[in-house]
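Colleague: Top to bottom, those sequences are chains A and B.
So for the first sequence, numbering that gives the first Met the number 0 puts the first residue at 0; every next one is plus one.
So for the second sequence, numbering that gives the first Met the number 0 puts the first residue at 0; every next one is plus one.
You may find that some hints are simply not true.
Which copy is meant is left open, because identical chains are indistinguishable; a pair holds if it fits in one copy or across any two.
[Claimed, not checked] Straight-line C-alpha distance at most 35 Å; calculated DSBU-like pairs for lysine-lysine:
#1 Lys156 <-> Lys217
#2 Lys118 <-> Lys156
#3 Lys37 <-> Lys214
#4 Lys282 <-> Lys103
#5 Lys156 <-> Lys282
Treat the hints as calculated values from the structure; they're not laboratory data.
2 protein chains.
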Amino acid sequence: MLTALGGGVGAAKFLEGLSNVIGNEQLNVIVNTGDDIKLGGLNISPDVDTIIYRLSGVVDRKKGWGLEGDTFNFLNSLKRFGLETWFNIGDQDIATHIYRTHLKSKGFSATQIASRIAKAFGLADNISVLPMTDHDVETWIQTNEGEMHFQEYLVKKKMKPEVCRVTVRDIDQASAAPGVVDSIENARAIIVCPSNPIISIGPILQVKGIRDALKKTKAQVIAISPLVGGVPLKGPADRLMRGLGLEVSSAQIARLYSEFLDTMVIDLEDAHENQAIVDLGLKTLVVDTVMSDKEKASILASSVLELI
Amino acid sequence: MLTALGGGVGAAKFLEGLSNVIGNEQLNVIVNTGDDIKLGGLNISPDVDTIIYRLSGVVDRKKGWGLEGDTFNFLNSLKRFGLETWFNIGDQDIATHIYRTHLKSKGFSATQIASRIAKAFGLADNISVLPMTDHDVETWIQTNEGEMHFQEYLVKKKMKPEVCRVTVRDIDQASAAPGVVDSIENARAIIVCPSNPIISIGPILQVKGIRDALKKTKAQVIAISPLVGGVPLKGPADRLMRGLGLEVSSAQIARLYSEFLDTMVIDLEDAHENQAIVDLGLKTLVVDTVMSDKEKASILASSVLELI
Numbered sequence: 000m001l002t003a004l005g006g007g008v009g010a011a012k013f014l015e016g017l018s019n020v021i022g023n024e025q026l027n028v029i030v031n032t033g034d035d036i037k038l039g040g041l042n043i044s045p046d047v048d049t050i051i052y053r054l055s056g057v058v059d060r061k062k063g064w065g066l067e068g069d070t071f072n073f074l075n076s077l078k079r080f081g082l083e084t085w086f087n088i089g090d091q092d093i094a095t096h097i098y099r100t101h102l103k104s105k106g107f108s109a110t111q112i113a114s115r116i117a118k119a120f121g122l123a124d125n126i127s128v129l130p131m132t133d134h135d136v137e138t139w140i141q142t143n144e145g146e147m148h149f150q151e152y153l154v155k156k157k158m159k160p161e162v163c164r165v166t167v168r169d170i171d172q173a174s175a176a177p178g179v180v181d182s183i184e185n186a187r188a189i190i191v192c193p194s195n196p197i198i199s200i201g202p203i204l205q206v207k208g209i210r211d212a213l214k215k216t217k218a219q220v221i222a223i224s225p226l227v228g229g230v231p232l233k234g235p236a237d238r239l240m241r242g243l244g245l246e247v248s249s250a251q252i253a254r255l256y257s258e259f260l261d262t263m264v265i266d267l268e269d270a271h272e273n274q275a276i277v278d279l280g281l282k283t284l285v286v287d288t289v290m291s292d293k294e295k296a297s298i299l300a301s302s303v304l305e306l307i
Numbered sequence: 000m001l002t003a004l005g006g007g008v009g010a011a012k013f014l015e016g017l018s019n020v021i022g023n024e025q026l027n028v029i030v031n032t033g034d035d036i037k038l039g040g041l042n043i044s045p046d047v048d049t050i051i052y053r054l055s056g057v058v059d060r061k062k063g064w065g066l067e068g069d070t071f072n073f074l075n076s077l078k079r080f081g082l083e084t085w086f087n088i089g090d091q092d093i094a095t096h097i098y099r100t101h102l103k104s105k106g107f108s109a110t111q112i113a114s115r116i117a118k119a120f121g122l123a124d125n126i127s128v129l130p131m132t133d134h135d136v137e138t139w140i141q142t143n144e145g146e147m148h149f150q151e152y153l154v155k156k157k158m159k160p161e162v163c164r165v166t167v168r169d170i171d172q173a174s175a176a177p178g179v180v181d182s183i184e185n186a187r188a189i190i191v192c193p194s195n196p197i198i199s200i201g202p203i204l205q206v207k208g209i210r211d212a213l214k215k216t217k218a219q220v221i222a223i224s225p226l227v228g229g230v231p232l233k234g235p236a237d238r239l240m241r242g243l244g245l246e247v248s249s250a251q252i253a254r255l256y257s258e259f260l261d262t263m264v265i266d267l268e269d270a271h272e273n274q275a276i277v278d279l280g281l282k283t284l285v286v287d288t289v290m291s292d293k294e295k296a297s298i299l300a301s302s303v304l305e306l307i
């Protein structure tokens, strides 16, 4: 049994590669839910959906999120009601959000909902998508333009405001969802996906019970840096790290994870950081981490598996 | 000020004609909400939407309901979740339902919601679409295949089951929505649209205060029969009337309304019923009531206005 921690597009790409090379081995994916947002009364869980869509082969590969071939007539129509339309919801995609909202209103937990959505999309039986917590949490960003939901910062404001603080609202009431701690304690290895350390992995580590389980587990913990040549291929990891006064480097990410990390995987372009990470007492693997297609994601996943 | 009572497609067609010939005169439309249904967590109000869509010029004229040029990708996508898909919701149309559901969850009344939706679609300022009540009611049909929501009988079961009883659930708790009684008392004329007398007009008349207001008002009350040659042009009026042991005729509809009715408008094909209606002490108008296009609807509306 393998367990992974991850957020959105980068994690989804890596997990697709991983799922191609693990055969029938059980893979548990603990997914960030700090990105969750309620818009127009709909419960949206972007990271959970991005991972399910990718792993069930229906993702829009060009965008990295949403459903392949989706249309946007609903979103256009929403404009006349003065509702927010900056968050891109496709016409097929909205069925997922309506299903989630419907189940949530009937008392189903995030875990139960993710499991049903995964099943509806035909996700392989050996893969479990586990929201990090069943409690409602939301990641908010304090910026020079005020405080806003992370999605607003990312999508509406296109990452332009300067970040000074990141807060996961209600995280102190959030305990790990069923199966999460178990899947960390009993895995043969834990893989921290190439996701944003602040906004994707950060909230997961703040959930009660998860960091402790990572520290205690006998499994090897391997993290893949989302940085290539010191910058993220996508998303605001560098802006967020800089905004919080952190050095933007894979070594810095290793430091954030050092309490529980065994091995850090970094890109060839960042080979010069290798020594700094070794100096933290960690093992390293320096490989090509750019997942420009499915095959390259599978090769990266294979290299990671060889570490175990 | 004119006031109309109506249900779905037939009423909408007539009201479109009426709106074309009244200039800037205020028109209040009291709309049946017994057809309302909650599906997949969405609050849907078919008659209210059909009338707003028609009167704001965005209706799918071929179908008589929904939005012109709409797509159905959402509905197709819903299938994978095992949710009911027999109710046709277009991708643009769903924005209306999400807006309604969102406002309802925030405590807005059906009246407030209809007013906002009408405004969003640019409905003319002199037309008010008034849901008959702000209370949640639902029309259920007892049939030889069991009891079911009217929409299920109409859309899913295609009006095939034999009807034995019609019940508007929670109607005894429903009082007239704000403005409804007032618009009956103070109108210069009341027009009962060519709608199903059992399923569209019936629920309106059962709302506390409405039948009394119709009996008391000094305004002339004119009803247009939905039957042409003894059968409805659309919908199950004949099946429902027969199922309830009623004669299927315009004279029978006049009898159902006789407590408050002054004038009955019937189709040329039903001229033989004229005497039976006159015998009830009512005035009659025998004209072509088939509204095959906008112009014919306007001509019918003009004929009705001439009665006042």
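Colleague: Are there hints from earlier that the structure breaks, and if so, what are their numbers?
Modeller: 1, 4, 5
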